[in-house]
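Protein chains: 2
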Amino acid sequence: MIPYASRIASMQETAAIVGNLFKGMTDPSIISFGGGAPAKEALPSELIGQLCQKIFAPGGRGTEALQYGPVHGIADLRRAVAEQLLSPKGIACDPDNILIVSGGLEGIYLTCQVFIDPGDVILVESPTFVHTVEIFDMFQARCVPVQTDDDGLNMEALEQAIRQHHPKMIYTIPTFQNPSGRTLSREKREKMAQLAEAYDVLVLEDDPYRDIRYSGEDLPPIKVFDHSDHVILANSFSKIFSPGSRLGYVLASPEVTQKLGEAKSATNSHTAMLPQILCAEFFNGGYYPEHHKRICDLYRVRRDAMLAAIDRYFPEGTKHTFPDGGLFTWAELPMGMDATALRPKAIEQKVDYVAGEGFFVERDGRGKNCMRLSFGANPPERIEEGIQRLGNLLKNA
Amino acid sequence: MIPYASRIASMQETAAIVGNLFKGMTDPSIISFGGGAPAKEALPSELIGQLCQKIFAPGGRGTEALQYGPVHGIADLRRAVAEQLLSPKGIACDPDNILIVSGGLEGIYLTCQVFIDPGDVILVESPTFVHTVEIFDMFQARCVPVQTDDDGLNMEALEQAIRQHHPKMIYTIPTFQNPSGRTLSREKREKMAQLAEAYDVLVLEDDPYRDIRYSGEDLPPIKVFDHSDHVILANSFSKIFSPGSRLGYVLASPEVTQKLGEAKSATNSHTAMLPQILCAEFFNGGYYPEHHKRICDLYRVRRDAMLAAIDRYFPEGTKHTFPDGGLFTWAELPMGMDATALRPKAIEQKVDYVAGEGFFVERDGRGKNCMRLSFGANPPERIEEGIQRLGNLLKNA
Numbered sequence: 001m002i003p004y005a006s007r008i009a010s011m012q013e014t015a016a017i018v019g020n021l022f023k024g025m026t027d028p029s030i031i032s033f034g035g036g037a038p039a040k041e042a043l044p045s046e047l048i049g050q051l052c053q054k055i056f057a058p059g060g061r062g063t064e065a066l067q068y069g070p071v072h073g074i075a076d077l078r079r080a081v082a083e084q085l086l087s088p089k090g091i092a093c094d095p096d097n098i099l100i101v102s103g104g105l106e107g108i109y110l111t112c113q114v115f116i117d118p119g120d121v122i123l124v125e126s127p128t129f130v131h132t133v134e135i136f137d138m139f140q141a142r143c144v145p146v147q148t149d150d151d152g153l154n155m156e157a158l159e160q161a162i163r164q165h166h167p168k169m170i171y172t173i174p175t176f177q178n179p180s181g182r183t184l185s186r187e188k189r190e191k192m193a194q195l196a197e198a199y200d201v202l203v204l205e206d207d208p209y210r211d212i213r214y215s216g217e218d219l220p221p222i223k224v225f226d227h228s229d230h231v232i233l234a235n236s237f238s239k240i241f242s243p244g245s246r247l248g249y250v251l252a253s254p255e256v257t258q259k260l261g262e263a264k265s266a267t268n269s270h271t272a273m274l275p276q277i278l279c280a281e282f283f284n285g286g287y288y289p290e291h292h293k294r295i296c297d298l299y300r301v302r303r304d305a306m307l308a309a310i311d312r313y314f315p316e317g318t319k320h321t322f323p324d325g326g327l328f329t330w331a332e333l334p335m336g337m338d339a340t341a342l343r344p345k346a347i348e349q350k351v352d353y354v355a356g357e358g359f360f361v362e363r364d365g366r367g368k369n370c371m372r373l374s375f376g377a378n379p380p381e382r383i384e385e386g387i388q389r390l391g392n393l394l395k396n397a
Numbered sequence: 001m002i003p004y005a006s007r008i009a010s011m012q013e014t015a016a017i018v019g020n021l022f023k024g025m026t027d028p029s030i031i032s033f034g035g036g037a038p039a040k041e042a043l044p045s046e047l048i049g050q051l052c053q054k055i056f057a058p059g060g061r062g063t064e065a066l067q068y069g070p071v072h073g074i075a076d077l078r079r080a081v082a083e084q085l086l087s088p089k090g091i092a093c094d095p096d097n098i099l100i101v102s103g104g105l106e107g108i109y110l111t112c113q114v115f116i117d118p119g120d121v122i123l124v125e126s127p128t129f130v131h132t133v134e135i136f137d138m139f140q141a142r143c144v145p146v147q148t149d150d151d152g153l154n155m156e157a158l159e160q161a162i163r164q165h166h167p168k169m170i171y172t173i174p175t176f177q178n179p180s181g182r183t184l185s186r187e188k189r190e191k192m193a194q195l196a197e198a199y200d201v202l203v204l205e206d207d208p209y210r211d212i213r214y215s216g217e218d219l220p221p222i223k224v225f226d227h228s229d230h231v232i233l234a235n236s237f238s239k240i241f242s243p244g245s246r247l248g249y250v251l252a253s254p255e256v257t258q259k260l261g262e263a264k265s266a267t268n269s270h271t272a273m274l275p276q277i278l279c280a281e282f283f284n285g286g287y288y289p290e291h292h293k294r295i296c297d298l299y300r301v302r303r304d305a306m307l308a309a310i311d312r313y314f315p316e317g318t319k320h321t322f323p324d325g326g327l328f329t330w331a332e333l334p335m336g337m338d339a340t341a342l343r344p345k346a347i348e349q350k351v352d353y354v355a356g357e358g359f360f361v362e363r364d365g366r367g368k369n370c371m372r373l374s375f376g377a378n379p380p381e382r383i384e385e386g387i388q389r390l391g392n393l394l395k396n397a
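Quick note, the sequences are listed as chains A and B, same order. So that you can map any letter, position 148 of the first sequence is 148 in this note's numbering, and since no number is skipped, the others follow by simple counting. So that you can map any letter, position 263 of the second sequence is 263 in this note's numbering, and since no number is skipped, the others follow by simple counting.
Okay, chain A solo, but in the shape it has when bound:
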């Protein structure tokens, strides 16, 4: 028996949590508020079929789609990111500082390859995205949780944690956070960039939900306030284009982008070409604005249906966040209720959700009374039906 690398032991606890949290979420008879998948109605399937025809037509990009490609990603997709996704948010950047990656999580993984040694401290939001914690565990980082308020990370707690733990990195999902749906305020974004510079800490800004905002006012990325290359911005095409395409991008300084590219080369050479070309043709063909409007309209209705149903059917004393975008709301049930224990009964009743406990790296039982509820995948009637079932279960618990 050949021993595993030491990182494998560090991963076991979180890997088991991830395995349990999302287990069995493919049964179509269950109304699932688990997972974080976009609505199937939000996937531009017909359009992508047409773009495939164009790509593989004579004189098209068929050979390019099938041959090896550049480590950093194809130029026209990097340009689309710079011009259509970053520039409108106030980030002027050279497409050469953008690295195309195989999904948003790969950007986080690569940032760890470049910066994280075993034992390094990463400050994370409490609660935070458990799948990312699995990455941090693989790198044998020590995750230290920092308290969050309704408008994101508490800045006093953050500064204190920086002083106390000397972290290498702060990991944040500032907009429509996973799992909470909360958004970091403008003031706090600016403050976080200042703290990063003052204490020489890296900020990894993971922002996959920000582009599906359907109410409220847009906020600048933390990266806008970064004048000293302390912020790495990682984003994903999963919510605005397609998750199965496994496409994302990272924006960093030229030197860091070079290192991220070396780590990418030593992981899987480059990102698959056909998805990249399809995504570039989608943006550069001008299809994004209409698609974007359509999916925002879709999710707005679903969010409103879910929040109204929670208010109507969940027990008195339940609190929930009001996300202006993204896919999740976070319900805090009256203390003493146990969402972890309730889940098997919910599945019996053909309704599912993700129990909140797994999103806390504290691992001390907090979050037991919380649920992450995704309103992305179901139409309003199914949302109401599912929340009603959950409400009945909770009231009888």
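For the record, the hints were derived by calculation from the structure and aren't laboratory data. Hints are not guaranteed to be accurate.
Because identical chains cannot be distinguished in the list, a pair is counted as satisfied if it fits within a single copy or across any two copies.
Unchecked claim - With a straight-line Cα cutoff of 30 Å, these simulated DSS-like cross-link-like pairs (lysine-lysine) come out:
1) K54 with K368
2) K345 with K54
3) K395 with K293
4) K54 with K191
5) K54 with K293
6) K54 with K40
7) K191 with K350
Since we're looking at a predicted model, the values are computed, not measured.
Dock chain B against chain A, hints included.
Showing chain B alone in chain A's frame:
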């Protein structure tokens, strides 16, 4: 300035070599024997266009292609690997022990995530594939070279190196090796599996070229002789389907496959869905046998053209391997000739190759008189023209 992880320093030397070796290989006016890309004529572009139409037609797999998918890869592709690629080679396996990965190199990367701690020794062939060494460097392994003969790794040298260095892993490309084009004999394959069991060492069998054999007799994978789960088989679809699709697979024991899947989940969640579905439809639609015959016929002619041209135009005393498949031959020029120094002059003459020196982890100047020559990308006339130019340069050097 935030310090990089310590692995970044370990990667610099090889990353620079990889960067230099393959730099500037996209100029179409240059006859390039560098790179390792398949011929563009070997890419099933038209067929893939048709398969795309089928996938995105009403009632097709369009939504599946765009939505999140399983960490281990789609079931029908794993089944195609088991039934059409492994079973004919004498490997009976459960599709559940197969992990679909984003290109062959990702299989090597994931094996390192699961098994390699900093300082672990990996025995490698001398010469070996430099891009893989970049991965091993990222994991801060110590690569120890082992002498190779015309029929692959020298078994006495291998056993001695195992006794002396107590390696965690032996890395081998047994068939039509990169860079040398050499193939490990049947007897040595069996012996290697025995050594792995006897000394409790992992063998990573990287076998991306084996399916493009166009002369000689097929040999069983080392994995066939493995009765104790000491061999992990990593393979790629790059040479038989398409490199831009970034698809590969790994076969390991159930327990190791589980761990590889956890590392995959913490790297990029899963492999892109559309390339997986296209590849599954390609195999399960019965297109592979005809395609396979076509590309073998194509490469056979190109290999023969290159070997004949080397014999004709290169200086007396030049030796080269005779590969029964794959994409490379390895030319050893008369001692004293310097292929590294000659390359800028070759590029001036609009012909390119990969200098042999970079493939030796010894880094002591050996291989200076060697060239890796790929016959994959050019038709016979261009091969002859390019080799003639190189021969003239060598004779005048």
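Here is how each hint holds up against the structure:
{"no.": "1", "hint": "K54 with K368", "in the structure": "neither (51 Å within a copy, 46 Å between copies)"}
{"no.": "2", "hint": "K345 with K54", "in the structure": "neither (49 Å within a copy, 41 Å between copies)"}
{"no.": "3", "hint": "K395 with K293", "in the structure": "neither (38 Å within a copy, 66 Å between copies)"}
{"no.": "4", "hint": "K54 with K191", "in the structure": "neither (47 Å within a copy, 52 Å between copies)"}
{"no.": "5", "hint": "K54 with K293", "in the structure": "both (24 Å within a copy, 28 Å between copies)"}
{"no.": "6", "hint": "K54 with K40", "in the structure": "both (23 Å within a copy, 19 Å between copies)"}
{"no.": "7", "hint": "K191 with K350", "in the structure": "neither (44 Å within a copy, 55 Å between copies)"}
The structure does not agree with the numbered hints 1, 2, 3, 4 and 7 stated previously, though it agrees with the rest.
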